[in-house]
Amino acid sequence: QISLEESGPTVVKPKQTLTLTCTYSGFSLNSFGQGVGWIRQPPSKAPEWLALIYWDDEVRYSTVLNDRLTITKDTSKNQVVLTLTNVSSVDTATYFCARSETTGCFDYWGPGSLVTVSS
Amino acid sequence: QSVLTQPPSVSEVPRQRVTISCSGSSSNIGNNGVSWYQQLPGKAPRLLIYNDDRVRPGVSDRFSAAKSGTSASLAISGLRSEDEADYFCGAWDDSLGAPVFGGGTKLTVL
Numbered sequence: 001q002i003s004l005e006e007s008g009p010t011v012v013k014p015k016q017t018l019t020l021t022c023t024y025s026g027f028s029l030n031s032f033g034q035g036v037g038w039i040r041q042p043p044s045k046a047p048e049w050l051a052l053i054y055w056d057d058e059v060r061y062s063t064v065l066n067d068r069l070t071i072t073k074d075t076s077k078n079q080v081v082l083t084l085t086n087v088s089s090v091d092t093a094t095y096f097c098a099r100s101e102t103t104g105c106f107d108y109w110g111p112g113s114l115v116t117v118s119s
Numbered sequence: 001q002s003v004l005t006q007p008p009s010v011s012e013v014p015r016q017r018v019t020i021s022c023s024g025s026s027s028n029i030g031n032n033g034v035s036w037y038q039q040l041p042g043k044a045p046r047l048l049i050y051n052d053d054r055v056r057p058g059v060s061d062r063f064s065a066a067k068s069g070t071s072a073s074l075a076i077s078g079l080r081s082e083d084e085a086d087y088f089c090g091a092w093d094d095s096l097g098a099p100v101f102g103g104g105t106k107l108t109v110l
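In order, the protein sequences belong to chains A and B. Counting in my numbering, the first sequence runs from 1 upward without gaps. Counting in my numbering, the second sequence runs from 1 upward without gaps.
No wet-lab data here; the hints were simulated from the structure. By construction, the Cβ of each residue, glycine as well, lies at the ideal position given by its N, Cα and C atoms. Hints may contain errors.
Taking lysine-lysine and the PhoX-like style, the derived pairs with C-alpha atoms no more than 25 Å apart in a straight line are [said to hold, decoys possible]:
1) 45/A <-> 106/B
2) 106/B <-> 43/B
3) 43/B <-> 45/A
4) 45/A <-> 13/A
5) 106/B <-> 67/B
6) 45/A <-> 15/A
To spell it out: a stretch of chain A is covered by chain B in this simulated footprint if at least three of its residues, at any positions, have a beta carbon under 8 Å from a beta carbon of chain B; those stretches are [what the hints assert, rightly or not]:
7) 46–55
8) 99–106
9) 110–116
Hey, can you work out the whole structure from these sequences and the hints?
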């Protein structure tokens, strides 16, 4: 069965770089049409999409955060990594990774990883 | 400010039917498939509906959805207490070249 799980720090200091890893299983990110995305959700707010990486290495980023985000994949490890530079308190959120097989749709989600930006 | 617009909250009594709306534009809902997600407190979103009105296998048939023009709706019939959750709509936006979400609707089962 398909599963994804996020891992990374729970607390990050302001101006540091946040690195999160999504480890997935049950599907191949080398297969046509597959993608993995990152979505974050501040407490009591709506989800905000951050980035997507596809089977063919195409990447897409949120226009709002484009210059601060990098998404990469390592299919040998079944992992997708997201980095967010120069964090501040507004980046405090639960970060989810999710599979995308249909354009704009996320069918399997990880449980989420709460990240707090605090000195 | 979310690209897709949903009412912040809806409420209904058990066994009744409730509808949640999602309004967008020609660059998202009007030209792409709509998805609906359920998010229970403290949990990750769960996909319920994809491609406008396709119920995901394993999801109760009490859930249904429709789309007309640049608006979509999710209906839940035979309401139960376990349906109390946040519901989000989503779609691809051609202008942004990105997926977008609604602001979410909190369903309260009275």
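How the hints compare with the structure:
1. Pair hint residue 45/A plus residue 106/B holds up; C-alpha atoms about 11 Å apart against a cutoff of 25 Å.
2. At most 25 Å may separate the alpha-carbon atoms for a hinted pair to count; residue 106/B and residue 43/B meet this at roughly 14 Å.
3. Note on residue 43/B and residue 45/A: the hinted pairing holds, with a Cα-Cα distance of about 14 Å set against a maximum of 25 Å.
4. For the suggested pair residue 45/A and residue 13/A, the alpha carbons sit about 22 Å apart, so the restraint of at most 25 Å is met.
5. Of the supplied pair hints, the one linking residue 106/B and residue 67/B holds, its CA atoms being roughly 20 Å apart against a limit of 25 Å.
6. At roughly 23 Å between alpha-carbon atoms, residue 45/A and residue 15/A fall within 25 Å of each other, so this suggested pair holds.
7. Here the segment 46–55 of chain A counts 5 residues with a CB under 8 Å from a CB of chain B, which clears the bar of 3, and the coverage holds.
8. Only when three residues or more bring their CB closer than 8 Å to a CB of chain B does the claim for the segment 99–106 of chain A stand; here the count is 6, and the claim holds.
9. Under the rule that three or more residues need a Cβ within less than 8 Å of chain B, the assignment of the segment 110–116 of chain A holds, with 3 such residues.
When each numbered hint is compared with the structure, no violation occurs for any of them.
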